[in-house]
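Protein chains: 2
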Amino acid sequence: MISDLEKIYSVSANNMKRSVIRELLKLTAEPDIISFAGGLPAPASFPKDEIREVMLEVMDKEPDFVLQYGTTEGDSLLRKRLVEHQYRTVEGMDITEENLIITTASQQALDLIGKIFINWGDKIIVGLPSYLGGLSAFRNYGADMVGIELDEHGMRSDLLEKTLSEMKAKNEKPKFIYVIPDFQNPTGITMPEYRRKEILDLARKFDVLIIEDSPYRELRFEGESQKTIYSMDNTGQVVMLGTFSKILCPGFRIGWVIAHKEIINKIVMAKQATDLCTSPFTQRIAARYLQKGFMESRIQLNVDLYRSKLDLMISSFEKYMPDGVSWVKPEGGLFLFLTLPEHIDTQEMFMRAVEKKVAYVIGTAFYANGMGKNTMRINFSYSDIDKIEEGVKRLSEVIKEELAK
Amino acid sequence: MISDLEKIYSVSANNMKRSVIRELLKLTAEPDIISFAGGLPAPASFPKDEIREVMLEVMDKEPDFVLQYGTTEGDSLLRKRLVEHQYRTVEGMDITEENLIITTASQQALDLIGKIFINWGDKIIVGLPSYLGGLSAFRNYGADMVGIELDEHGMRSDLLEKTLSEMKAKNEKPKFIYVIPDFQNPTGITMPEYRRKEILDLARKFDVLIIEDSPYRELRFEGESQKTIYSMDNTGQVVMLGTFSKILCPGFRIGWVIAHKEIINKIVMAKQATDLCTSPFTQRIAARYLQKGFMESRIQLNVDLYRSKLDLMISSFEKYMPDGVSWVKPEGGLFLFLTLPEHIDTQEMFMRAVEKKVAYVIGTAFYANGMGKNTMRINFSYSDIDKIEEGVKRLSEVIKEELAK
Numbered sequence: 001m002i003s004d005l006e007k008i009y010s011v012s013a014n015n016m017k018r019s020v021i022r023e024l025l026k027l028t029a030e031p032d033i034i035s036f037a038g039g040l041p042a043p044a045s046f047p048k049d050e051i052r053e054v055m056l057e058v059m060d061k062e063p064d065f066v067l068q069y070g071t072t073e074g075d076s077l078l079r080k081r082l083v084e085h086q087y088r089t090v091e092g093m094d095i096t097e098e099n100l101i102i103t104t105a106s107q108q109a110l111d112l113i114g115k116i117f118i119n120w121g122d123k124i125i126v127g128l129p130s131y132l133g134g135l136s137a138f139r140n141y142g143a144d145m146v147g148i149e150l151d152e153h154g155m156r157s158d159l160l161e162k163t164l165s166e167m168k169a170k171n172e173k174p175k176f177i178y179v180i181p182d183f184q185n186p187t188g189i190t191m192p193e194y195r196r197k198e199i200l201d202l203a204r205k206f207d208v209l210i211i212e213d214s215p216y217r218e219l220r221f222e223g224e225s226q227k228t229i230y231s232m233d234n235t236g237q238v239v240m241l242g243t244f245s246k247i248l249c250p251g252f253r254i255g256w257v258i259a260h261k262e263i264i265n266k267i268v269m270a271k272q273a274t275d276l277c278t279s280p281f282t283q284r285i286a287a288r289y290l291q292k293g294f295m296e297s298r299i300q301l302n303v304d305l306y307r308s309k310l311d312l313m314i315s316s317f318e319k320y321m322p323d324g325v326s327w328v329k330p331e332g333g334l335f336l337f338l339t340l341p342e343h344i345d346t347q348e349m350f351m352r353a354v355e356k357k358v359a360y361v362i363g364t365a366f367y368a369n370g371m372g373k374n375t376m377r378i379n380f381s382y383s384d385i386d387k388i389e390e391g392v393k394r395l396s397e398v399i400k401e402e403l404a405k
Numbered sequence: 406m407i408s409d410l411e412k413i414y415s416v417s418a419n420n421m422k423r424s425v426i427r428e429l430l431k432l433t434a435e436p437d438i439i440s441f442a443g444g445l446p447a448p449a450s451f452p453k454d455e456i457r458e459v460m461l462e463v464m465d466k467e468p469d470f471v472l473q474y475g476t477t478e479g480d481s482l483l484r485k486r487l488v489e490h491q492y493r494t495v496e497g498m499d500i501t502e503e504n505l506i507i508t509t510a511s512q513q514a515l516d517l518i519g520k521i522f523i524n525w526g527d528k529i530i531v532g533l534p535s536y537l538g539g540l541s542a543f544r545n546y547g548a549d550m551v552g553i554e555l556d557e558h559g560m561r562s563d564l565l566e567k568t569l570s571e572m573k574a575k576n577e578k579p580k581f582i583y584v585i586p587d588f589q590n591p592t593g594i595t596m597p598e599y600r601r602k603e604i605l606d607l608a609r610k611f612d613v614l615i616i617e618d619s620p621y622r623e624l625r626f627e628g629e630s631q632k633t634i635y636s637m638d639n640t641g642q643v644v645m646l647g648t649f650s651k652i653l654c655p656g657f658r659i660g661w662v663i664a665h666k667e668i669i670n671k672i673v674m675a676k677q678a679t680d681l682c683t684s685p686f687t688q689r690i691a692a693r694y695l696q697k698g699f700m701e702s703r704i705q706l707n708v709d710l711y712r713s714k715l716d717l718m719i720s721s722f723e724k725y726m727p728d729g730v731s732w733v734k735p736e737g738g739l740f741l742f743l744t745l746p747e748h749i750d751t752q753e754m755f756m757r758a759v760e761k762k763v764a765y766v767i768g769t770a771f772y773a774n775g776m777g778k779n780t781m782r783i784n785f786s787y788s789d790i791d792k793i794e795e796g797v798k799r800l801s802e803v804i805k806e807e808l809a810k
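Protein sequence lines correspond, in order, to chains D and C. Heads up, the first sequence is in the numbering used here, so the first residue is 1 and it goes up one at a time. Heads up, the second sequence is in the numbering used here, so the first residue is 406 and it goes up one at a time.
Simulated from the structure, these hints should not be mistaken for lab results. Be aware that one or more of the hints could be misleading.
Which residues of chain D face chain C? A partial, calculated answer using Cβ under 7 Å [unchecked claim]:
no.	residue
1	Leu-67
2	Thr-71
3	Leu-150
4	Ala-273
For each residue, glycine too, the CB sits at the ideal point set by N, CA and C.
Build the full structure now, drawing on both the sequences and the hints.
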């Protein structure tokens with residue numbers, strides 16, 4: 001073995017942290033723990049019979065195609081279908097197939113965006129809090145993350161304007177603004193259209209790209225769908241990310257980026273050297289699944305499933321949670337956020353929760369600036385429905401014990 | 406759209422080139438072209454019936470597992486199987502599951518190795534010529550590639566020693582030495598054990614890691630298997646890369662890295678933010694496929710198939726190629742390398758070859774230093790057996806015309 005292994009890692013590698021979620025999740029693997037950590041879809045949401053049917057068809061009719069290498073841009077059938085049926089028709093987005101590349105799920109999309117835009121020390125703007133996987137991907141390219149607090153309508157446009165103005169005064173410009181407008185991870189907050197418009201106007205005024213990450217968009221339980229920021233712009237100022245991980249299954253590892261074709265070109269070049277192509281096998285199964293019209297009814301089933309889980313979780317909160325614990329009921333997605341009295345540190349409390357056989361993700365993991373010590377992310381999609389009330393009860397007991405200290 | 410898109414890309418993105426192979430391949434998509442370019446396995450090599458059988462079993466018995474997120478390290482069944490049956494037993498490598506991570510095919514392994522080791526401007530050592538996808542992956546992290554010429558036994562140890570000594574005198578050390586010992590891409594050359602030992606001894610003497618990329622190792626048509634450099638070391642000085650792309654199918658996107666567990670730890674962290682996990686669906690199908698013992702007989706079938714294609718190609722070369730064109734018959738793999746008289750530029754000749762309906766990859770694409778203008782890579786695995794002689798004939802005519810100029 002070489003003598004100086006510890007010294008030869010890249011600056012990026014030395015900067016990497018093992019995901020806090022991941023390390024904490026290891027503690028929650030025992031079957032008697034009710035885990036509200038993680039961000040897994042419910043196994044019951046997977047369309048097993050339909051996937052099995054499509055898979056057999058694909059293996060019988062086009063095995064040589066699906067088992068071979070594919071193009072870096074992705075399966076043309078899948079791209080066409082997404083562009084025409086989903087984004088042009090449903091979302092009113094002015095795009096063609098040149099504006100869409102398939103990625104190895106949206107985590108790869110975040111990594112490739114980091115790769116093509118971020119030089120070490122470059123500033124980017126992120127929500128406080130924001131998706132941990134996005135923060136990690138950007139951090140590995142050396143992003144200097146400037147956090148903007150959220151209110152109940154998402155990223156605060158007043159603070160965003162202030163920050164962009166201050167940066168401009170210093171002749172600085174962030175590489176992009178990273179937002180998750182629909183049922184944000186971790187807060188569950190959805191930006192109303194007026195706020196999306198404000199963010200877009202600021203991006204235009206200050207000449208900055210927006211990264212619109214939207215993995216949960218189709219999982220709306222109530223209220224009106226809000227236009228995508230991409231569709232409010234349609235000029236290429238916005239880069240939008242989508243995925244099948246939450247509406248079909250994560251196991252296929254399929255996501256996509258929609259962007260100006262010059263940006264897609266750069267992502268193609270980056271992806272080529274990163275994993276050559278996403279599995280043509282899982283891509284073609286997904287494409288045929290969409291063609292058969294299975295997606296719409298399945299999404300409806302899953303929306304009903306997750307709505308009932310969320311309703312039960314909220315009613316359990318109301319029943320068990322002590323005063324001083326607050327939450328906002330999300331209109332969709334997989335997550336909600338609990339805010340505890342300020343003196344409670346959810347990381348410090350975590351081991352006691354695990355002892356009581358319940359788990360969550362500590363809020364600080366989502367804050368680029370280390371805030372959020374008294375918050376936690378709660379996932380409501382994964383736990384069995386008969387475990388939710390009991391899990392909330394256990395969690396409330398841990399919190400009550402903390403409050404009594 | 407923002408006003409300065411061209412200016413906001415990262416240094417890495419500005420440095421990226423569209424793959425030469427890829428651009429040239431676009432010209433070869435017409436069905437009447439006989440293409441010796443690309444590096445695709447033959448569709449006839451895919452075990453379609455066996456995959457179909459295993460896939461159905463997996464979907465019937467463990468759908469919730471395969472459709473869900475998986476761990477970043479990879480499917481434990483697959484890792485265990487590879488470690489115990491392949492590497493410990495067959496290859497005599499002293500490893501446990503902690504030494505192996507599954508990647509989204511070996512291109513991702515190359516990317517992650519770049520990510521954890523290379524800072525902008527770091528030197529690495531590569532063969533002249535060497536696998537284009539490796540060069541691209543490392544280039545995107547800013548590697549300064551120091552090329553070492555090959556002879557008929559692979560990377561020249563005398564030149565390697567000279568280079569390492571010169572670097573040492575300047576207080577420089579490369580991050581690693583990148584080699585492809587078995588049926589190298591693009592030359593088809595295999596390093597005999599004595600040469601592997603020399604390279605390893607130099608790596609030890611100069612305290613440098615070796616990256617041993619071995620995607621074709623199992624596809625040996627003749628001669629004796631040569632020990633892996635990893636097994637000649639077994640201390641962690643070597644990082645070895647493997648893949649199912651050439652022995653099962655590329656469409657599953659499954660590869661792996663074998664390394665010291667500290668290096669695997671870093672790769673796990675890097676992969677987490679890169680694509681979270683490789684498809685648990687394709688991983689589990691591969692694991693069950695191995696468990697059923699399908700792999701060994703399939704490899705034998707494919708070795709027979711590729712050997713017959715190679716034999717036909719070599720006899721066609723002998724029949725048609727003019728004096729001054731030389732090649733070395735490989736003992737396995739997918740590729741061989743043609744060297745033409747020095748004044749012929751294969752890039753300049755390429756369009757005339759396409760007009761004659763035959764294609765290859767220009768040699769310069771594989772040379773980090775721009776050499777190899779009179780060389781080309783020829784793939785013999787993909788073309789139908791009834792096209793090989795005709796393709797060689799066409800290629801020989803193009804070369805003869807160049808010689809007659």
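Return the numbers of the hints above that this structure violates; sort them in rising order.
-> 2 and 3
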